[in-house]
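Mind assembling these two chains? They're in different frames, but the hints should get you there.
From first to last, the protein sequence lines are chains B and E.
Residues 1 to 219 in my numbering are what the first sequence spells out, letter by letter.
Residues 1001 to 1343 in my numbering are what the second sequence spells out, letter by letter.
Rather than coming from a laboratory, the hints here were simulated on the basis of the structure.
Glycine included, C-beta positions come from ideal geometry on N, C-alpha and C.
Please note that the accuracy of each hint is not assured.
Here are the simulated DMTMM-like cross-link-like pairs (lysine to aspartate or glutamate), alpha carbons at most 20 Å apart as the crow flies [stated by the list, open to error]:
| hint | chain 1 | residue 1 | chain 2 | residue 2 |
| --- | --- | --- | --- | --- |
| 1 | E | Lys1343 | B | Glu219 |
| 2 | B | Lys210 | E | Asp1335 |
| 3 | B | Lys206 | E | Glu1336 |
| 4 | B | Lys210 | E | Glu1336 |
| 5 | B | Lys202 | E | Glu1336 |
| 6 | B | Lys210 | E | Glu1311 |
| 7 | B | Lys196 | E | Asp1333 |
| 8 | B | Lys22 | B | Glu119 |
| 9 | E | Lys1092 | E | Glu1336 |
| 10 | B | Lys185 | E | Asp1335 |
Not the full set, but computed from the structure, chain B residues with beta-carbon under 7 Å of chain E [stated by the list, open to error]:
| hint | residue |
| --- | --- |
| 11 | His173 |
| 12 | Asp177 |
| 13 | Arg179 |
| 14 | Ser208 |
| 15 | Val209 |
| 16 | Lys210 |
| 17 | Tyr212 |
| 18 | Arg216 |
| 19 | Leu217 |
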Amino acid sequence: MGSKEEDRYLMLSGLQHFLFCKRQWALIHIEQQWEENALTVEGQHLHHKAHQALLREKRGNKLIVRGMPVRSHELQLTGVCDVVEFHLDPEGVELVGEEGRYKAYPIEYKRGRPKKGLEDVIQLVAQAICLEEMLACRIDKGYLYYEQIKHRVEVPITETLRETVQLMAKEMHHYFDKRYTPKVKTGPFCNNCSLKNICLPKLMNKRSVKSYIEGRLSE
Amino acid sequence: MRKLLNTLYVTQPDAYLSLDGDNIVLLKDQQALGRLPLHNLESIITFGYTGASPALMGYCAERNISITFLTASGRFLARVIGQSRGNVTLRKAQYRISDQERESALIARNFIIGKIYNHKWMLERMTRDYPLRVDVERFKSISHQLDEYLYEARSCENLETLRGLEGQAAWHYYQVFDDMILQQKESFTFHGRSRRPPRDHVNAMLSFAYILLTHDMAAALESVGLDAYVGFLHRDRPGRVSLALDMIEELRGIYADRFVLSLINRKEVTPNGFYQKENGAVLMTDETRKLFLKAWQAKKQEMITHPFLGEKIPWGLVPYVQALLLARYLRGDLDEYPPFLWK
Ligand code: SF4
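Isolated chain E, as found in the complex (with noise of 0.2 Å):
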């Protein structure tokens, strides 16, 4: 399997990123704040607005490294990317399934069971770990209903009812996500989901480590030839990337929502890294934001069993894998697409 690369993530804001030789050189006030071999490097992302020489962007574009800029909140602002790898007939075969309803259901139907079915498993597991801190009843009574929903996901061929099945699914889902969180419960609750802006701690990492788990999934279906902004599930929509955004669903309770979670769980945010604005909208310290980078990272090292696969690899190639067999499916090699199924 391909080697994992480093994501290099700059949270200086007022840093100015530049090529010398093979190496990338951070630099503040024309001095050199650190420098790293650009070869170990699969993507750059940078926080705030911090700038780039072109002669860099140049030198990555070359070398399928991505640049991403984001505002110091995570929100996306722009991203440098290569030539695609000229693979027009796969790009081809996106779009023609991206325009039918049905063709595309069936491959979204595959990501909504991946999502549907990695949530049960993460409710069945809570029940074997932590029998006596759970409401197991509670527990397996969901996971019977997200049973349900999988049972009609798997011959729905309309994209309605499966959106309309996900939704439910959801609902269910995050009636029991505050009972995940073990430790720290004053001060960090889950009230729900929102969005923007995030109005707790919790929603504060969970909208984090979405912005980063879509980042590699949109890096990684580049890397692999597809276009990542064309989805099947997610309508396209001027600048989002709706393909990387279909093939995060089934990853985001195993890979964000559980990494969120242990974060909380073994204690490694307090509520001290985290403040509120004024329009409730609640942000992480740079701290913290640093730290949650870093844990990132070396989840992105250990290592699974891909399920379909049967292959060792670490976690960080999960987005690759799973977009190297979307593209193995579109071109007629696969009969479905295999979604990650988590156990």
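Only chain B is shown next, with the shape it has when bound in the complex (with noise of 0.2 Å):
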């Protein structure tokens, strides 16, 4: 695989957006159309933090890395995982430069708690998708840190949430390869979004320009 191909791969943190919303996803991945507003900020100290300390970190039989780049082939996708913690296990794999065999947790750290909706758990399965392609295992679970309840939730990673995943990137893909901002259906959700003074949702059900001026026009 080339770099070439490299270079259309997608960022993974883009899932969250996408599910919360396509437009959004598409004019901050693709048009990029970005107004920082304080949750981004607060979300980017918060990731900078999980990134920034001990690169690696061994803790009995845990090894624990921060900042883990992270790419998958098949989903044509690439991040960075939080934390990923490797544990000790007969059933595991050889890593590099490391006695024994271990599985691999990703985990993820979010502010605020934990949501009704699906973004947090898609981000973290794609981070599993990644890891078992770079490190040919099968990881079956992962974990979610909230800091607002400073604790970890524990994710499956289910065959369904894969498929989830899958179908996401290809229509990631489609849309980025035809540099596409699809119009979609706006709700009460919008008024969370840190770019609705960029989108003007307002404007997708809007009447059509051409009665708007044709009907001032016959005034």
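Structure, rendered in structure tokens:
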């Protein structure tokens, strides 16, 4: 796989945007429109913390790696895992420079508390798929750590979730290749969208400009 | 809707702009004249030969704050802007259309429709508000004439014809421009547009208002990722912000002209606030220019309901919203570009 091909890879973190709203994803990842707001700045800060600590740390039978770059050729996605925990486990795989066998568990840090939607879960599953490809192993679960409840939640990497991620990645590439920003159904979720000033969600439900102009001219 | 941020106008010609932390500091002879937090600013406009430090320019470029250098009389010298948003697709669409006569005309005609429509309603409003001061019949007859140009423009797909219609409509509009001056008529008379240089008080103010509006428009276009230099109605000419000029057509009357008229009619400017150069050019005194800029800022804060969005926004955001709407059209979200149709 040459680097030319890898230029086409999309950001794994885009999955959460895509799930929240396809249009939001396109505005950020295709059009690169980005308005800083308090939420995103805070989010970046937290990530910075998770990434910057000791890169590799051993604790008993655990090996903890932070800020690990990952990619999947199958999904054509790349990203960074906040934390990957390797647990000594006879059923695991061998790691270069380490003794014994390890099983890998991705852990994603999130501001706030567990959400109703699947955004966080999907991102974790994609990370797991990347790790599986890179380590030639099988990953059956990962964890989401939520800052506000100071607690990690176990996430099983199920077949259904894997399929969802594959379909999403495929659709994202389809839009990206056409550089197409889709129109979507808007909703109350738009109020929580950091891009609503650029998107102008109201416009999508507007009558046509033609009728606006003709309406005015005939007054 | 996005928040309206301030524009800083620096009229002190021998000041130097520098950066201190997150503040802009105005220096004169190494002494600080004033300081202002930058996070409230959208752009900085300087008049005269004010200088700025590279550190300040870098800071502003990173945060999408544009710095514009104008001569003391307002002629454009240079502008420092940061990287444009990475939206290549949008710009490509803009360039492709700008190369095509018919597609350009389909957008340009809506600029012209906006312009004529707004002029028409300015006249209609005068007849309603001042039936005893203006010649209602004359206003009405010009208004009807403008209706006809509107009708023609609506189906026009040819740029030359469109420019012709625009010219004729403007000619009619200027026929009654002087009648809209209701106060201080002895000193503020309009004898037709004179640009380079402006030859009377009214033209001096109109020219200045158009410069400010063009600047705001160019900054708005850049902020949504469009190229302010590539137009549809105005063809490209080096150094000219053609698209900004296209886009202000519909706002000249209702934004700039009405602003100037109200300064005169409310007697906020007086004939003493102007002077004439040897070459006949009429200029504003520093005092008048300051007053003008202050009133311009205040005007930006006034709220209106956007006719297409149906949302309340400050006047100062109108250029931004129109730029956004144009971008939406160019990328295929809207069936036409919706001009700002004021009433
Ligand atoms: S405002 Fe609504 S429709 Fe627009 S990008 Fe955000 S969530 Fe999507």
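Pairwise hint evaluation, E/Asp1335 against B/Lys185, where the allowed Cα distance is 20 Å at most = This hinted pair holds, its Cα atoms lying about 18 Å apart.
CA of B/Lys210 to CA of E/Glu1336, is that 20 Å or under?
-> holds (7 Å)
Chain E contact restraint for B/Val209 - C-beta distance below 7 Å | Constraint on B/Val209 satisfied, holds at 4 Å.
When the least beta-carbon distance from B/Arg216 to chain E is tested against 7 Å, hint result | Holds, about 5 Å.
Once the shortest beta carbon distance from B/Ser208 to chain E is found, is it less than 7 Å?
-> holds (5 Å)
Would the stated hint for B/Tyr212 survive a check requiring a Cβ distance to chain E of less than 7 Å?
-> holds (6 Å)
Would the hint on B/Leu217 stand, with a C-beta cut-off of 7 Å toward chain E?
-> This interface hint holds because 6 Å falls under the 7 Å limit.
For the pair supplied as a hint, B/Lys206 and E/Glu1336, confirm whether the alpha-carbon distance does not exceed 20 Å.
-> holds (12 Å)
Straight-line Cα separation of B/Lys210 and E/Glu1311 no greater than 20 Å?
-> holds (19 Å)
Could you grab the alpha-carbon distance between B/Lys202 and E/Glu1336 and see if it respects the 20 Å cut-off?
-> The given pair, whose Cα atoms are some 16 Å apart, holds under the 20 Å limit.
Could you grab the alpha-carbon distance between E/Lys1092 and E/Glu1336 and see if it respects the 20 Å cut-off?
-> Satisfied, since the Cα-Cα distance of roughly 18 Å is no more than 20 Å.
Does the CB of B/Asp177 sit less than 7 Å away from some CB of chain E?
-> Violated, because the Cβ-Cβ distance from B/Asp177 to chain E comes to roughly 12 Å (cut-off 7 Å).
Hints 11 and 12, counting from the list given before, are not met by this structure.
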